[in-house]
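J.: One-letter residues, chain by chain:
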Amino acid sequence: AQSVTQLGSHVSVSEGALVLLRCNYSSSVPPYLFWYVQYPNQGLQLLLKYTSAATLVKGINGFEAEFKKSETSFHLTKPSAHMSDAAEYFCAVSLNDYKLSFGAGTTVTVRA
Amino acid sequence: DVKVTQSSRYLVKRTGEKVFLECVQDMDHENMFWYRQDPGLGLRLIYFSYDVKMKEKGDIPEGYSVSREKKERFSLILESASTNQTSMYLCASSPFSRNTEAFFGQGTRLTVV
Chain L
-5 AQSVTQLGSH VSVSEGALVL LRCNYSSSVP PYLFWYVQYP NQGLQLLLKY
45 TSAATLVKGI NGFEAEFKKS ETSFHLTKPS AHMSDAAEYF CAVSLNDYKL
95 SFGAGTTVTV RA
Chain C
-16 DVKVTQSSRY LVKRTGEKVF LECVQDMDHE NMFWYRQDPG LGLRLIYFSY
34 DVKMKEKGDI PEGYSVSREK KERFSLILES ASTNQTSMYL CASSPFSRNT
84 EAFFGQGTRL TVV
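Residue numbers (the working numbering), protein chains in the order written: chain L, -5 to 106; chain C, -16 to 96.
Keep in mind that the hints were calculated from the coordinates and are not lab data. Since this is a predicted model, take the numbers as computed values, not measurements. We treat Cβ as the ideally placed atom computed from N, Cα and C, and that holds for glycine. Fair warning: there could be bad hints in the mix.
No more than 30 Å apart at the CA atoms, straight line, and that leaves these computed lysine-lysine pairs for DSSO-like [to be verified]:
{"id": "1", "chain 1": "C", "residue 1": "Lys(-14)", "chain 2": "L", "residue 2": "Lys93"}
{"id": "2", "chain 1": "L", "residue 1": "Lys93", "chain 2": "C", "residue 2": "Lys53"}
{"id": "3", "chain 1": "L", "residue 1": "Lys52", "chain 2": "C", "residue 2": "Lys(-14)"}
{"id": "4", "chain 1": "L", "residue 1": "Lys43", "chain 2": "C", "residue 2": "Lys40"}
{"id": "5", "chain 1": "C", "residue 1": "Lys36", "chain 2": "C", "residue 2": "Lys(-4)"}
{"id": "6", "chain 1": "L", "residue 1": "Lys43", "chain 2": "L", "residue 2": "Lys62"}
{"id": "7", "chain 1": "L", "residue 1": "Lys93", "chain 2": "C", "residue 2": "Lys36"}
{"id": "8", "chain 1": "C", "residue 1": "Lys54", "chain 2": "C", "residue 2": "Lys40"}
{"id": "9", "chain 1": "C", "residue 1": "Lys54", "chain 2": "L", "residue 2": "Lys43"}
{"id": "10", "chain 1": "C", "residue 1": "Lys(-4)", "chain 2": "L", "residue 2": "Lys43"}
{"id": "11", "chain 1": "L", "residue 1": "Lys52", "chain 2": "L", "residue 2": "Lys93"}
{"id": "12", "chain 1": "C", "residue 1": "Lys40", "chain 2": "C", "residue 2": "Lys(-14)"}
{"id": "13", "chain 1": "C", "residue 1": "Lys1", "chain 2": "C", "residue 2": "Lys38"}
{"id": "14", "chain 1": "C", "residue 1": "Lys38", "chain 2": "L", "residue 2": "Lys93"}
{"id": "15", "chain 1": "L", "residue 1": "Lys52", "chain 2": "L", "residue 2": "Lys62"}
{"id": "16", "chain 1": "C", "residue 1": "Lys53", "chain 2": "C", "residue 2": "Lys40"}
{"id": "17", "chain 1": "L", "residue 1": "Lys62", "chain 2": "L", "residue 2": "Lys93"}
{"id": "18", "chain 1": "C", "residue 1": "Lys38", "chain 2": "C", "residue 2": "Lys(-14)"}
{"id": "19", "chain 1": "C", "residue 1": "Lys1", "chain 2": "L", "residue 2": "Lys93"}
{"id": "20", "chain 1": "C", "residue 1": "Lys1", "chain 2": "C", "residue 2": "Lys54"}
{"id": "21", "chain 1": "L", "residue 1": "Lys93", "chain 2": "C", "residue 2": "Lys54"}
{"id": "22", "chain 1": "C", "residue 1": "Lys54", "chain 2": "C", "residue 2": "Lys36"}
{"id": "23", "chain 1": "C", "residue 1": "Lys40", "chain 2": "L", "residue 2": "Lys93"}
{"id": "24", "chain 1": "C", "residue 1": "Lys1", "chain 2": "L", "residue 2": "Lys43"}
Incomplete in silico selection of chain L near chain C, CB under 7 Å [what the hints assert, rightly or not]:
{"id": "25", "residue": "Tyr26"}
{"id": "26", "residue": "Phe28"}
{"id": "27", "residue": "Gly37"}
{"id": "28", "residue": "Lys43"}
{"id": "29", "residue": "Leu94"}
{"id": "30", "residue": "Phe96"}
{"id": "31", "residue": "Ala98"}
Some chain C residues judged to face chain L by a derived CB distance under 10 Å, without partners named [said to hold, decoys possible]:
{"id": "32", "residue": "Leu24"}
{"id": "33", "residue": "Gly41"}
{"id": "34", "residue": "Asp42"}
{"id": "35", "residue": "Ile43"}
{"id": "36", "residue": "Tyr47"}
{"id": "37", "residue": "Thr66"}
{"id": "38", "residue": "Phe86"}
Throw the hints in and build the complete structure from the sequences for me.
T.: Dropping the structure here:
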């Protein structure tokens, strides 16, 4: 079975501060990992993905994530938050069956 | 540009009605998915299709069925809508490749009254 755990359903950061969203997965085989963002009343948009190449993955809008096999983690970071980063973020894992399993999501609010 | 289109953004239906949610993709993808999104629960997979006329149950198939008669179209059917099916429904598609992301539609917010 596969599962994804996102620690913290809500994160509040000040504009310009570090954004850190945590994701841990459970898997018995090497996973493919994804971070998606969802703006209000929108579908999901891919931020970045890990597909067994480099462990540090850079995505759109200044986000990056690091795959740590020993910690079974794939945390998402952005050095400096912008007001436009306010959204809901989902971590997802895919095994060999091509289906995506999603975490519960983390809502980010950015304070001016 | 990649596109997944869901036929309705908002729907209001009555309890017991048969409801059809339509999804079309223009990327010639093999895989198509229907997810349900509820606060605090993330996205849960209802059904998955990897080819025309092929389907697999996801994590929460009860009360739903699907149809895929053409590669580009994947329909979700609520045979007899109930209030606990009030939710956001998201359609997605992806190529038949392990390391490729899924592309999502805008979502359909369904309210059953």
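J.: Output the indices of the hints that this structure fails to meet, ascending.
T.: 10, 24, 35, 36 and 37
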